[in-house]
Structure formats: structure tokens, C-alpha cells
Amino acid sequence: MVKLNKSIFTKDTPDVTEEQAGTMDIVKNVRTTPRDPRFPTHNQANHCWNQYNEWLVCVKNTGDQDGCKNMRQLAVSICPSLWTEKWDEEREEGIFPGFQV
1 MVKLNKSIFT
11 KDTPDVTEEQ
21 AGTMDIVKNV
31 RTTPRDPRFP
41 THNQANHCWN
51 QYNEWLVCVK
61 NTGDQDGCKN
71 MRQLAVSICP
81 SLWTEKWDEE
91 REEGIFPGFQ
101 V
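Just so we're aligned, residue 1 is where the sequence shown starts under the working numbering, counting upward by one.
The set of hints was computed from the structure by calculation and includes no laboratory data.
Fair warning: there could be bad hints in the mix.
[Unchecked claim] Restricting the straight-line Cα-Cα distance to at most 30 angstroms, the calculated cross-link-like pairs of lysine-lysine (DSS-like) are:
#1 Lys69 <-> Lys86
#2 Lys60 <-> Lys28
#3 Lys28 <-> Lys69
#4 Lys86 <-> Lys60
#5 Lys28 <-> Lys86
[Stated by the list, open to error] Simulated DEER-style distance windows between Cβ atoms:
#6 Glu92 <-> Val16: 21 to 29 angstroms
#7 Thr32 <-> Glu92: 24 to 32 angstroms
#8 Glu18 <-> His42: 41 to 49 angstroms
#9 Trp83 <-> Arg38: 14 to 22 angstroms
#10 Asn43 <-> Ala21: 32 to 40 angstroms
#11 Glu89 <-> Glu54: 17 to 25 angstroms
#12 Pro97 <-> Lys28: 33 to 41 angstroms
#13 Asn61 <-> Glu18: 30 to 38 angstroms
#14 Ser81 <-> Gln20: 22 to 30 angstroms
#15 Leu82 <-> Asp15: 32 to 40 angstroms
Bear in mind the structure is a predicted one, so any value in this text is a computation, not a measurement.
Each residue gets a CB set at the ideal place from its N, CA and C atoms; glycine is no exception.
Modelling step: build the complete structure from the supplied sequences, incorporating the hints.
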């Protein structure tokens with residue numbers, strides 16, 4: 001059986017622009033959040049909420065959104081996009097019930 005990543009991302013890069021090559025590198029390295037033993041059930045809503053708030057804690061402690069980009073990616077990968085978009089809007093409006101940055 002052929003592994004999908006190996007068939008899509010071959011060693012020989014086709015003729016692409018630098019921007020396309022950069023996008024391919026980003027896609028190639030995207031990973032989902034690892035299993036968290038604190039949330040052993042199949043319902044990952046609590047894990048999602050916790051991951052999103054851990055990203056906010058990182059942003060508050062470092063003051064650097066780029067430095068916490070990997071934590072944001074973990075939150076976005078486990079949470080439904082509808083939730084993260086809603087929470088982002090609530091943070092902008094100052095009514096987010098979670099961790100305040």
C-alpha cells in the first residue's frame with residue numbers, strides 16, 4: 001500500500017513558484033494535537049476548550065502570537081472551526097468566557 005503523504009509529497013518537487021513551495025512545506029508539516037490522557041473519552045470538547053485556552057495563556061505569558069503559533073494550530077486542529085471563529089469574535093468583543101489575554 002502506498003502512503004498518501006509519500007505519493008503527494010515526493011522528493012522531486014514539480015515546477016512551482018516559491019510561494020507554492022512554501023505552502024507545500026506548511027501542509028507537509030501540519031500535525032493534529034496529540035492524545036491527552038486528561039481527556040480519555042471520545043468527546044473531545046473539553047480537550048478543545050482546554051487547548052484553545054492554553055494557547056491564550058501562551059500568548060499572555062510571551063506576548064508573541066507568532067511564538068505560540070504551534071499551540072494555535074493544535075487548538076484549531078481539534079476544535080470545530082465554528083467554535084474557534086466564535087471564540088475569536090468573542091475575544092475581540094471582550095465577552096469571551098475563557099482565559100482573558
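- For which of the previously enumerated hints does the structure constitute a violation, in increasing order of number? 6
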